[in-house]
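There are 2 protein chains.
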Amino acid sequence: MLVKKLKETFEQYDQKEVVLQGWVRTNRKSKALGFIELNDGSCFSNVQIVYTDALNNFDEVSKITLGSALEVKGTVVLTPEAKQPFEIQATSVEVLGLCDHDYPLQKKRHSFEYMREIPHIRPRANTYYAMFRLRSVLSMAIHTFFQDRGFVYVHTPEITGNDAEGAGECFTVTCRQDDEYEKDFFGKHAQLTVSGQLHVEPFAQTYRNVYTFGPTFRAENSNTTRHASEFWMIEPELAFADLSDNMDCIEEMIKYCIKYCLEHAKEEMEFFEKMIDKDCIKRITEVANSNFKRMTYTEAIKELEKVKDTFENKDIFWGMDLQSEHERYICEKVVKGPVFLIDYPKEIKAFYMRVNDDQKTVAACDLLVPYVGELVGGSQREERYDVLEAKIKEMGIAQETLQWYLDLRRFGGCKHSGFGLGFDRMLMYLSGVQNIRDVQPYPRTPRNLIF
Amino acid sequence: MLVKKLKETFEQYDQKEVVLQGWVRTNRKSKALGFIELNDGSCFSNVQIVYTDALNNFDEVSKITLGSALEVKGTVVLTPEAKQPFEIQATSVEVLGLCDHDYPLQKKRHSFEYMREIPHIRPRANTYYAMFRLRSVLSMAIHTFFQDRGFVYVHTPEITGNDAEGAGECFTVTCRQDDEYEKDFFGKHAQLTVSGQLHVEPFAQTYRNVYTFGPTFRAENSNTTRHASEFWMIEPELAFADLSDNMDCIEEMIKYCIKYCLEHAKEEMEFFEKMIDKDCIKRITEVANSNFKRMTYTEAIKELEKVKDTFENKDIFWGMDLQSEHERYICEKVVKGPVFLIDYPKEIKAFYMRVNDDQKTVAACDLLVPYVGELVGGSQREERYDVLEAKIKEMGIAQETLQWYLDLRRFGGCKHSGFGLGFDRMLMYLSGVQNIRDVQPYPRTPRNLIF
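Just so you know, the protein sequences line up as chains E and Y, in that order. Numbered per my numbering, the first sequence spans residues 60 to 510. Numbered per my numbering, the second sequence spans residues 60 to 510.
There may be inaccurate statements among the hints.
Remember, identical chains collapse to one label, so a pair may be satisfied in a single copy or spanning two.
[Stated by the list, open to error] Okay, derived cross-link-like pairs now, EDC-like style, lysine to aspartate or glutamate, Cα gap no bigger than 20 Å in a straight line:
#	residue 1	residue 2
1	75	130
2	395	310
3	325	207
4	361	391
5	365	311
6	247	228
7	66	368
8	242	96
9	367	466
10	392	364
Hints were generated in silico from the structure; no laboratory data involved.
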């Protein structure tokens, strides 16, 4: 049976025999008595196996190495006065797979750098063991949130011929060893997507509320702790929704995800609180219980100007792109909580964002949260054909590549909005883990492609 | 409000005013009375709007084109004697976005081929409208099935340096226009994954039960109705599980998904039954209610030999790869229902499948279902280091590229099994839609890359 189920219902198993499989986390013995901490993957915490020299293979069992796979038969014994509420008194311990002595995980603490070299082994180490279950739980939180609200999940394509979005540098997808793409597999230049947003909009014009959730790619040669070449994005799109509706949806989603993870990854979050970031549960609980404020970019600039000398980047002016230190100041010091900055200068935002009546700003919203700064970016989309067409020309984008996207405005277009949440960054935010390489199963970064 | 919600609770809204947004599916008027079928994307069926010349913009409304976006205010009136149980008597109809007259969808039926040229518009046509919601519903069925059972969802990488799996031809991922991959982004040759299986196995050795669900790629130049260059796969992996456990999981999953889709995409499945494949609901309901049989490959060959002259491919012999006509004969005529074929000749299966004691076959299982043949392929994995190492040598695979995979057998390895379900093919199976290009939002096939 699964350890998780046993932990939830152990009282029913008092004095009963159970069969468990799992891997050895610790094994210590003294004379005629031994203890194995066994983990079967079904929950974060281990189960304690007690064995004695009544086992006919006691010597063998006492030498079982860390990481070995076992099948244990034993009796459940309640231990109300001990730390763990029950233990298993083993009647048989069978070794299914012994772990060799050059096992890369030893009892000591290993560095993150070391762990990144062994992505096939590191999920067994506590931090990663907690992280990759949290990753699964957060994925399900996302799907449950949107599906419960009738949003349709759309698999936007990974391979695209559309290079107009301009969100970042792209990888080429090819079957050739030269650049003769007209002879290539697709008969033209193909690349990996940087965003599903343009591709998902037609579905919002059909199903009203939709979302993507899948891998996206950036070929940027940036070796930071927050950038990966492959990462997962959530991109919802809402028809008949303006910027305010969009922010309502973002706020509801973030709060839902936090509560879902605190409930469904409780042991994991407690581990992060204990070992990685002592404030993580407090921080996200506060966010889940707060009202997200809204502030214009212009107001934010005024606030920043007041204290510009305190920043590393002191050059504060209307029209600038905010740096992380500025974003954090606004939410941590000014608002003291999550805040949407809205109405950014149009020059620093994407071509598809709706131009406001002032002709200078666009209906964008970035959600800033304490500790990390920007967590979500969104906007109302430009639904006016003429305005969008002019913008595309202004930006120097070849109109023919986006004519299909423009045409959506001619065929029953309406106001609509959407946003993007970087899934991996949300995991960093929840856990306090500082490097994106430690929240992804197999991180891909410049000159780094293991397996 | 959403039409779906109104349909579920219309009796509470009798004589009440509601505000709806949506797109016009039909608009017909006679003298002082008009009818609009409005669809807002929240459910398959439309809502009927009745308008009269009491509207101050009656003339404008009567000319509203197909596909236009509207906001309608009106009173809910129960119509117990009519086909639809209620209608909306409009008090105001506002045009949010008129649809131009060159709208690619007209009232007539369009060919699939025509539709494939307009992936940004076709979701609004009934077949696609039903399909892409079914796609979303089936995705959620998959996640719910596995998460309810404690499986951990793993995002295996799309970009991989591991080209040893041999499941198919690969796309290269590059930033260069030549083949000097050592100077490339990752410092070596990188490609798009053909399967997440090898990458997910380390997670099964940690969490016991895991699954992937994401895009995979094949650069095969095959223009068939069943092959796409980009498609989504589900690849679960179960530790401490043998072939029989694996088949139990497959059977439970398939039945769960069918029932989930019949419940959550009822209108859509009824549409497919009416317009695409009159047997689809009957066929999948039978499968959901049947016991999946199990038969060895060797027995199947004997059955096929008896009737070999009835096949196009008459050359039946032990060691052959079964064709679709053979698979369909076994499940449709011999078993008369779903059947697992097991224990295939090792020469026609992948290197990681566990060799049986006869040394000639491997512990593989393919699920064959009436109407399509193979739906799922799985196997018990070779957990014995020496046997796997010998197999890798025998297959001529460079061992150093798979040493990490081999090492899993030295570090607490145990028996384990897994399978792969082609998500797009499952959609074809459920709906009866015959071409994979019609179940994917933006199908990618040789020389075909639209947007």
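Tested hints:
In this homomeric assembly, residue 75 and residue 130 come within 20 Å of each other (Cα to Cα) only inside a single copy, at 17 Å, whereas the closest approach across copies is 64 Å. Only within a single protomer do residue 395 and residue 310 lie at most 20 Å apart by alpha-carbon distance; the minimum there is 16 Å, versus 52 Å between protomers. Taking identical chains as interchangeable, the C-alpha atoms of residue 325 and residue 207 lie at most 20 Å apart only when they sit on different chains, with a minimum of 16 Å there against 22 Å within one chain. In this assembly of identical chains, residue 361 and residue 391 lie within 20 Å of each other by CA distance solely inside one copy; the values are 16 Å within and 74 Å between copies.
For a Cα distance limit of 20 Å, the shortest separation of residue 365 from residue 311 qualifies neither inside one copy, at 32 Å, nor across copies, at 63 Å. In this assembly of identical chains, the alpha carbons of residue 247 and residue 228 lie at most 20 Å apart whether taken from the same copy (18 Å) or from different copies (19 Å). Within a single copy, residue 66 and residue 368 get their C-alpha atoms no closer than 55 Å, and across copies no closer than 59 Å, so neither meets the 20 Å cut-off. In this assembly of identical chains, the alpha carbons of residue 242 and residue 96 never lie at most 20 Å apart, being 59 Å within a copy and 47 Å across copies at closest.
Within a single copy, residue 367 and residue 466 get their C-alpha atoms no closer than 45 Å, and across copies no closer than 55 Å, so neither meets the 20 Å cut-off. Taking the closest pair of Cα atoms, residue 392 and residue 364 come within 20 Å of each other only inside a single copy of the chain (14 Å); across copies the shortest separation is 79 Å, beyond that limit.
In terms of the numbered hints stated before, the structure departs from hints 5, 7, 8, 9, listed from lowest to highest.
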